[in-house]
Amino acid sequence: MKHTKGQFKKRGVDYDVPTYMPTLPREYYQSEDIYAEEAEKIFWRRWLMACREEEIPQAGDFVVVPVGDESIIVVRDKTGEINAHFNVCRHRGTRICVAESGCFDAGVITCPYHAWRYELDGRLKAAPMMTEVEDFDKADFGLHGAHIGLWGGFVFINLAEDPVAFEDELAPLIGKFEDWRLPELRIAHKLEYTLECNWKIILQNYQECYHCPGVHPLLAKWTPFRGAEHDCLGGTVIGGYMTLTEERGSMTMDGKAAAPPVCDVSGDDLQRVHYYSVFPNLLLSPHPDFVLYHRIRSEGVDRIRNDCHFLLHPDVMADAARMERFQSAIEFWDLTNRQDWKVCEQMQLGLKSHRFKTGRYGPMEDVPYALDQEVLRALGHERTT
Amino acid sequence: MKHTKGQFKKRGVDYDVPTYMPTLPREYYQSEDIYAEEAEKIFWRRWLMACREEEIPQAGDFVVVPVGDESIIVVRDKTGEINAHFNVCRHRGTRICVAESGCFDAGVITCPYHAWRYELDGRLKAAPMMTEVEDFDKADFGLHGAHIGLWGGFVFINLAEDPVAFEDELAPLIGKFEDWRLPELRIAHKLEYTLECNWKIILQNYQECYHCPGVHPLLAKWTPFRGAEHDCLGGTVIGGYMTLTEERGSMTMDGKAAAPPVCDVSGDDLQRVHYYSVFPNLLLSPHPDFVLYHRIRSEGVDRIRNDCHFLLHPDVMADAARMERFQSAIEFWDLTNRQDWKVCEQMQLGLKSHRFKTGRYGPMEDVPYALDQEVLRALGHERTT
Amino acid sequence: MKHTKGQFKKRGVDYDVPTYMPTLPREYYQSEDIYAEEAEKIFWRRWLMACREEEIPQAGDFVVVPVGDESIIVVRDKTGEINAHFNVCRHRGTRICVAESGCFDAGVITCPYHAWRYELDGRLKAAPMMTEVEDFDKADFGLHGAHIGLWGGFVFINLAEDPVAFEDELAPLIGKFEDWRLPELRIAHKLEYTLECNWKIILQNYQECYHCPGVHPLLAKWTPFRGAEHDCLGGTVIGGYMTLTEERGSMTMDGKAAAPPVCDVSGDDLQRVHYYSVFPNLLLSPHPDFVLYHRIRSEGVDRIRNDCHFLLHPDVMADAARMERFQSAIEFWDLTNRQDWKVCEQMQLGLKSHRFKTGRYGPMEDVPYALDQEVLRALGHERTT
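Residue numbers (numbering that gives the first Met the number 0), protein chains in the order written: chain B, 0 to 384; chain Y, 0 to 384; chain D, 0 to 384.
Don't take every hint at face value.
Pairs involving identical chains hold if they fit within one copy or between any two copies, as the list cannot separate such chains.
Here are the computed lysine to aspartate or glutamate pairs in the DMTMM-like style, where the Cα-Cα straight-line distance is at most 20 Å [stated by the list, open to error]:
| no. | residue 1 | residue 2 |
| --- | --- | --- |
| 1 | Lys77 | Glu228 |
| 2 | Lys341 | Glu99 |
| 3 | Lys341 | Asp268 |
| 4 | Lys351 | Asp68 |
| 5 | Lys351 | Asp32 |
| 6 | Lys351 | Glu31 |
| 7 | Lys255 | Asp161 |
| 8 | Lys356 | Glu39 |
| 9 | Lys351 | Glu166 |
| 10 | Lys40 | Asp268 |
| 11 | Lys77 | Asp333 |
| 12 | Lys40 | Asp333 |
| 13 | Lys356 | Asp68 |
Since the hints were derived computationally from the structure, they do not count as laboratory data.
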C-alpha cells in the first residue's frame, strides 16, 4: 500500500499529509533557544492537564503544578469552584507554596515571607501595613490568575492571559468516551517516571506502533501492530485505537481483562485500546476495563517527568480481590513503559549528532508526523527540509 | 504614617526615596548576563570583606578568598603587612594555592607546577631558567595585586586596578562602634551555610523586619519589629538598630544576655541590636554582649555561601562557664538564620516566574529599596518600571 | 643558552619559533564558543585514535567511540575490514548502540527502536514496511560513514566528509618505531582517569619536562629533565625523547627495566623514553621495555577522559613472573600521572581568572608552544598578543 494524500483524507485528516514525511530537524530536540520558544508558545499558551478533580475535593485543597519556570496553584474555593493562580506573591515575588499539594486550612493563601494573605479565589485580602501606603489599591494586587477548563474529571489549566476557548481547543474530545463515565472514575494507582529525553519524543512514541514488534513483544501479541486505526489526525487531539485479539482481553501480563468493563463500555469498545494525545501534555488510553493516562511535565530540553495513572470505578477499587487481579495491568504497563523510555532516551542521544540532519517517517508514522506539524504550527515555524 | 520624601530626609537619607518603591525586576535575580555584569561592576570593583586579621597572625599565614572566577591570596608578609594577590602564577596561569588557608612556611609562595617562586609581597623571586631568556624581566612578572583595606579587625580587599579609596567608601563606618573595640575581639564561633538564592535577596532580608512577626516569632518578641530605626540610608553602609525590650536582654533563646557587655558598650547601646550592610558582602550586627557578622560569598546567580561569625572578647572566651551560656546566642541565631534562608530561597523560586514583573515595597522596606538603588547605581542601570 | 629561531631550525622545526613565546589567552581554556569551534575544526575534522585493532578481532566486534556530541561505531566487517559509522539510525535519529563495546552477533547492526537493519559495512539491509514507500531508496539510507586510518595496530577515525589523507597527516609517524613491531603488541593494562581540565592542558603537560623536578622527583631521577631532545617540532606529530641514566633502566619504581626490550629494540633506544603527541588525542611513549599510550577524550571545555594503556609483546604477557615485575611500571606511571593531573587541574582553575591574560613559556617549553600554534592553525586564528 502506498500512502497518498487522498487515502489519508478518507480518514478525516485535517492536515495535508504528503507521501514524503521528514522528521523534525535535530535542533528541535537539542536547542535551548527552540525549547525556550516552546515554553512561551506551547507550555504557557496551550491547555495543560493539571490534575483530576478528585485530587482537590474540598474547599482549600490545592495541588501545585510546575510548568517550566512557572508554578501554578490549582485550588478549590469556598463556592466549590476550581481556581488556578500563579504561585507568586505580588509583594516581592516569593513562591507561596513549596508543598506539591495540601489544604489551605484557614481558607486563605498566606505568603510565608511577609504574611500577605489572599482569598482562595486569588483576591488580596490583607497586606500588613500596606493600607498606610498612598496609591496602594488591594484590587491591583490579587494573585495572577490562570484559566481553568474541565472535562471528564480532568482539570486543565492555561497560563495565557487570553487563551483559545477550552471547548474549541478540545472539541474532538468533548462527547467522546461517554461510556466510560470518566468523571466518576478514581485514581487507582500512579507510576512515576523521569525520562532523559525531549517531551516531543514521548508523544511520538505513544502515537505509533511501528516499534511494537521489536520493543514490546507482549503488547504486540495482545494488539497486533498492524491493527492501528486513527480517527483524529490533526490539531490538539490526535489518536485512534488498536484491536485486542483476545475475547475479553486487555493489556495485562496474561492478555486477559484486569477488571470488569468500565461503566457502560460495550460493543466494539470491549475489543479496543484507545490512544489519544491531548497536545501537549496528556496521553489518554481508555481500555475496556480501565483508563490509563500519562501526565507529561517537561522539565528541560532533554528531561521529562511522567506520571502514569490508572483510573477505575470506585466499586472495583473497593473490592480487594479485584484489585489484586488489577496488579497485572499495572505490571504490564510498567514493563511496557520502561521499554519505551529506553528507546526514547536513545533517540535523544542519537539526535545530538550534528551529522544527522533529518529522518524520514514510514507509513505507520503519520500520527507522529501530524504531531510534529502541530508543533511547527504552534511555533509558527516553516519546514526548511 | 505615610512615608514621604521629606520624612526620609530627616533621617539623613542620601537617596531620593519616593512613596512608590518598586522592587527590582525579576531579571536581576535570574539573568546570567546581569549576574556577569554584577561580577564585573560590583564584586571585582567594590570593597569586599575577606577575613579577620586574627586569621593570619604570623608572617606567611594566608587565606584564599574566592570571588566568582577569581581567587585571591590574602597573606601577611615578613614586615607584618597584609597583602592580597591574585592566586594565579604569571608563568602559565596555574592556580597556586588550592587550600582554603595555611602558612607559606618557607616565606615564599611557590607555584606547584614549574616552581616559580614569589615573595610574600608578590614580587617574583625566582623562575627556573627564565634568566636565560631574552627580554625577560622579573619585575614584570610579580603576582597581580589586589588592594587591602583594614577596619575594626576586618580585612577588606578590592580587585579593581584603581579602586575608590577605602576610607571614602566606608566612611560612615569609620569611628562607628568604637565602644566594642572591634580589633580586640576574636572569633568565638562560625556557622556555615549554603543558600540557593541570589546574593541580593539575603541583603534585602537582613535589612527589614517587616517579615519578623511571621518568620521569627522569638526574635520579634525580644525586639518588636516596629522598633527599627535607621541612621544610614544610602551608599555602601546602610543600616540602623532595633530596640531590646528586656533590661540586659539580647538575642538568645531566653532573651537574656549571652555574655557581659562588650568592652566599653554602655548606655543606649545596651538596649540595641545594630544591623548594618557593608555593601556588597558584609552584614554586621553589634549586640550589647557580642558581635555577629555574616560574610557573603556569591557563588552563582542563585547560590550563596554565607559564613556567620560570632565575635567575643578573649576574656569571655577564656571562661568556660560563660562560653556555655553563650551557646544560647549561637542557638538563637542558627534558628533565626534558617528561618530566613527558607523564605530567601522561596523568593528566588518565585522570581523565576515570567508573569511576575516587579513587586512593591511597603513602608518598612525602605532600606531594601535603598540597597536596590545602590545595585542599580553600581551597574549604571536606570529603572524602567 | 639563549633560544633563537636559528637554533630551533637545526632540529628540523617547521614553525617559526620566536624568542618570545606567549601562552594561549585564557579564553582558549574557558570559552564555550571556542570549545564549540574546536569540536568543529579539530575533533570532527582531524584524525583521532579510536582503539587498537586487537579490540575488535572478529567480524561483528565493535567499539563505540564518543567524540563530543557524536558517537562512532568502529566495527570489523565480514571481509575483515574495519569500518566506522555514525551511531545514528537514519530513520529517526536513534542512537543504535549504547554499549561501549560488544559484538553484532547476527552480523547486522539493528536499531533497537524500529528494527531498521544495517550491514556491518553500513549499507541499509532492511527497513520494515519502507519498501511500500514511494521514492524510498535504501541506497540513500546507509549509516553515515567516518573514515578509517591504520598504523602500528592503532585504529584512527576521521569524522570529516573529506578529510586530509591519513598518510599525509601522520607522515612523520610512518616508518617510525619499527623496532617495537607495534602491530604485534597487545594491551597488558589500562588505567582510566577523568580530569577536570581542558584537553590542551594535558598535551602541553606531556610535552615539557620543565615541571619534572618539582612535580615528579622520581621521574626526574631516572630521566633528568635537561636531557630532553625533540626531533619533530610542528604539525600533527610532535615530540622527542628523554635519556635514561641507568643502564637497562626504565620508568619503574626502582628505575630498572620492567620487562625485556620490546622485539627488536636495541642501541640508543635502550636508553630512551620517547614522548610523542599525535594531535589531537594520542600521546605515545615507546619505552625500551614497553609502550605506553594515552587516549584522550575531551568531554567538555574543562573535562577529559584519559585511558592510559600499556602494550607488551604477548610472550611477556604469558609469563606470570614477568607480569608481576611489570607492575612496577604500572605503579610508576599511575603515580606520575596523578602528579600531572593535579597540576593540570590547578592550571584549569587558575585560567578562570580574568586578570590573567596570557603567560610566557620558557626555553624548555618550545613544544607546548608548537602545540598551541597547531591549535591556532587548525582554528584559523591569529594571535593578538
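**OP:** Give the relationship of Lys77 and Glu228 under a CA distance limit of 20 Å: within one copy only, between copies only, both, or neither.
**Re:** neither (45 Å within a copy, 42 Å between copies)
**OP:** Since the copies are identical, ignore which copy is meant and state whether Lys356 and Glu39 lie within 20 Å (CA to CA) inside a copy, between copies, both or neither.
**Re:** between (25 Å within a copy, 16 Å between copies)
Original post:
Should Lys341 paired with Asp268 be assigned to within, between, both, or neither, using CA atoms and 20 Å as the limit?
Top reply: The answer is neither: 30 Å in one copy and 52 Å across copies each exceed 20 Å.
**OP:** Measure nothing new, just compare the shortest in-copy and cross-copy C-alpha distances for Lys77 and Asp333 to 20 Å and report within, between, both or neither.
**Re:** neither (38 Å within a copy, 39 Å between copies)
Original post:
How do Lys351 and Glu166 come out at 20 Å by Cα distance, when the copy is not named: within, between, both, or neither?
Top reply: neither (38 Å within a copy, 30 Å between copies)
Original post:
Are the CA atoms of Lys40 and Asp268 at most 20 Å apart within a copy, between copies, both, or neither?
Top reply: neither (36 Å within a copy, 58 Å between copies)
Original post:
Is it within a copy, between copies, both, or neither that the alpha carbon of Lys351 lies no farther than 20 Å from that of Asp32?
Top reply: both (15 Å within a copy, 17 Å between copies)
Original post:
How would you label the pair Lys40, Asp333 (within, between, both, or neither) given a Cα cut-off of 20 Å?
Top reply: The answer is neither: 32 Å in one copy and 45 Å across copies each exceed 20 Å.
**OP:** Go through the copies and call it for Lys255 and Asp161: within, between, both or neither, with a Cα cutoff of 20 Å.
**Re:** neither (47 Å within a copy, 57 Å between copies)
Subject >> Lys351 and Glu31: within-copy, between-copy, both or neither at 20 Å Cα >> reply: Both, since 13 Å and 17 Å are each at most 20 Å.
Subject >> Copy assignment of Lys341 with Glu99, given that the CA separation must stay at most 20 Å >> reply: Answer is between; shortest inter-copy Cα gap is 16 Å, intra-copy 28 Å.
**OP:** Tell me, please, which holds for Lys356 and Asp68 at an alpha-carbon limit of 20 Å: within, between, both or neither?
**Re:** Answer is between; shortest inter-copy Cα gap is 14 Å, intra-copy 30 Å.
The structure fails to meet hints 1, 3, 7, 9, 10, 11 and 12 from the earlier list, while all remaining hints are met.
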